[in-house]
Amino acid sequence: MKKFGRFLARNPRISFGFVLILGMLLFWFVGMVTVGISKAVPLSGPPDMPPSAQYPLGTDSAGRQLLPVLIAGVPLTLEIGLLAGTVGLLIGTVLGFVAGYFGGPADSVIRTAADVMLPIPALAVLVVIASTIHTLLSVEVMALVIASLAWMYPTRTIRAQVLSIRSRAYVEVGRFSGETDFDIIFSELMPNLMPYLAATFVAAVGAAILAGIGLEALGLGPQDKPTLGMTIFWAIYYGATLRGMWWWWGPPIVVLVLVFFALFMIAQGLDRYANPRLRHAA
Amino acid sequence: MSAAYVIRRVLLFFVVVWAATTLIFFLPKLAPGRNPIVERIGMMVATGGVNASGMQAMVDAYQAKFGLDKPLWQQYLTYLADISHLDFGYSLTQYPTTVLEVIRTALPWTLTLLTVTTLLAFTIGSVLGALLAWPRSPRALHALLPPLFMFSVIPYYLFGLILVYLLAFQFRIFPMSGNSQYGAVASLTPKYLADAAWHSVLPGLSIILASLGFWALGMRAMMVGISGEDFMLFAEAKGLKGNRIFLRYAMRNALLPQTTTLALSLGTILSGALLVEVVFNYAGMGSVLFRAISAFDYFTIYGVVFFIIVGVALATLILDLVYPILDPRIRYRKG
Chain A
1 MKKFGRFLAR NPRISFGFVL ILGMLLFWFV GMVTVGISKA VPLSGPPDMP
51 PSAQYPLGTD SAGRQLLPVL IAGVPLTLEI GLLAGTVGLL IGTVLGFVAG
101 YFGGPADSVI RTAADVMLPI PALAVLVVIA STIHTLLSVE VMALVIASLA
151 WMYPTRTIRA QVLSIRSRAY VEVGRFSGET DFDIIFSELM PNLMPYLAAT
201 FVAAVGAAIL AGIGLEALGL GPQDKPTLGM TIFWAIYYGA TLRGMWWWWG
251 PPIVVLVLVF FALFMIAQGL DRYANPRLRH AA
Chain W
1001 MSAAYVIRRV LLFFVVVWAA TTLIFFLPKL APGRNPIVER IGMMVATGGV
1051 NASGMQAMVD AYQAKFGLDK PLWQQYLTYL ADISHLDFGY SLTQYPTTVL
1101 EVIRTALPWT LTLLTVTTLL AFTIGSVLGA LLAWPRSPRA LHALLPPLFM
1151 FSVIPYYLFG LILVYLLAFQ FRIFPMSGNS QYGAVASLTP KYLADAAWHS
1201 VLPGLSIILA SLGFWALGMR AMMVGISGED FMLFAEAKGL KGNRIFLRYA
1251 MRNALLPQTT TLALSLGTIL SGALLVEVVF NYAGMGSVLF RAISAFDYFT
1301 IYGVVFFIIV GVALATLILD LVYPILDPRI RYRKG
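These protein sequence lines map, in sequence, to chains A and W. Quick note: the first sequence uses my numbering, first residue 1, plus one each step. Quick note: the second sequence uses my numbering, first residue 1001, plus one each step.
Only chain A is shown next, with the shape it has when bound in the complex (with noise of 0.2 Å):
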């Protein structure tokens, strides 16, 4: 603990990242033991109220009221994006170290799937998907979904350095020493790629809320949760805009840009930790 803590006074960067992560998630807890999320369903109260001391970031147009909307989806969207990240991270780690480290057939065509996947855009499949069994969806399956088209970039960033690590001196003085292909992997080659790991798994999870927040946008989240997303496609659909209710649409954006800038700080601080030589250079 006490190490994790000089970690991060020694990266500014990462630590101004889990402040924001953290204040969100002290505004949920807040939220839920003051406010709750009961109010976050239709005919809650009058429609498109602007904010007032009773609904204090108004109601949208079926009478939800927005402030426990917003404390409702904060998690959910944090839930996609970690849910999804985490298990596109780990298919792309067993993937590129099994084509990394193991070369082969095996790597022809793990490389060649990652190659054929990575030009097609995950939204336009995902669309596919999600529009098919949109009555099936909730926020794990939608997380899932998401993840078996997350692990393309995961793989071959992974691959690369792998294979950039399998020959250097320290993993063939471990080879020779008999340690076998589990322990190199574990002892030799994981803790050399943890920044690696780390950065490509906050990059998946900004890519996993971006995909989720776009499908929701286009009507296709879980049905029955008021995601941050799904709020956006409900303020398009009803032309939040075109009516000037920024209450409705305002509030999910400012808690997505905090989410988004969050992790772009924390990968940021990670590719500095990683790579020294970056710090000099801003």
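What you were told as hints is all true, and nothing was included just to trick you.
Derived lysine to any residue pairs resembling SDA-like cross-links, with alpha carbons at most 25 Å apart:
id: 1; chain 1: W; residue 1: K1029; chain 2: A; residue 2: S148
id: 2; chain 1: W; residue 1: K1070; chain 2: A; residue 2: I133
id: 3; chain 1: A; residue 1: K225; chain 2: W; residue 2: R1291
id: 4; chain 1: W; residue 1: K1029; chain 2: A; residue 2: T135
id: 5; chain 1: W; residue 1: K1029; chain 2: A; residue 2: I133
id: 6; chain 1: W; residue 1: K1029; chain 2: A; residue 2: L136
id: 7; chain 1: W; residue 1: K1029; chain 2: A; residue 2: S138
id: 8; chain 1: A; residue 1: K225; chain 2: A; residue 2: V139
id: 9; chain 1: A; residue 1: K225; chain 2: W; residue 2: A1295
id: 10; chain 1: W; residue 1: K1029; chain 2: A; residue 2: G219
id: 11; chain 1: W; residue 1: K1029; chain 2: A; residue 2: V139
id: 12; chain 1: A; residue 1: K225; chain 2: W; residue 2: P1028
id: 13; chain 1: W; residue 1: K1029; chain 2: W; residue 2: V1310
id: 14; chain 1: W; residue 1: K1029; chain 2: A; residue 2: V141
id: 15; chain 1: W; residue 1: K1029; chain 2: A; residue 2: A114
id: 16; chain 1: W; residue 1: K1029; chain 2: A; residue 2: A113
It should be emphasised that the hints constitute simulated quantities derived from the structure, not laboratory data. These figures come from a predicted structure and were not determined experimentally.
Starting from the known structure of chain A, fit chain W onto it as the hints suggest.
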């Protein structure tokens, strides 16, 4: 550039398109125990509509081609044959308009908006990023940095929402939505084109402002790396003019990785731009997709998705083929 490289690269393009087509065909079939298209058509026939008899004709045609009595591989081959001459069937909501006709009217809008904004954002962003890393550039430029970075973490369409509110609702400078005056007929007259361009300013601005920072950031990092290279020192020692060093020595080298990044980000850029169209109700592919999804018009969804995938794959192919021309160091002699 060798012929083998070109052939391999073109081959990859076709494999990508084939893989995508196959995904579009099989993914909906994996839905547990039902066929959404048949369900949807059945529902439309049951509720009746303006075109009930036409619907029945369409159902018959669909059943004849993709009926459940046919084995899956036969349906798949029929599907591939149809796609190969761009036959996506009829739009479920606009029968008897075909999906291809719907796409044909929407595609020019998306293509123009996307090409113009991407080129502008890429060029302005790269030059800006290069200047930011250049010690002799004006100080005032550096004030641009923080806001641009802030913008670059916002998805285009969310940025679009903010711009509509500020520049079209609060200050009524730009039109709020659509791509021409209401009721205007599309034509190539100067008046119509000017009107369309005026309506495209806000959607374009949302994409450009929200992506400038991304390109500037990448370019700045590249320029910083290059400024430490020996050939830069040598160029300076030779007494070359600052402008020449900046443009021919630093920019030229830093631009290459930027082009790679552009090729890799095309999918993300396009997805963002489609959603911008939705926000502005701009009559391109994004709006078509949005309306098709709201009405579960599966044929149109699949058609648009196919075009999106082919478009990105084609643009990536072009960039990959241009790359060796840009970079004398890579001529892909052995692929």
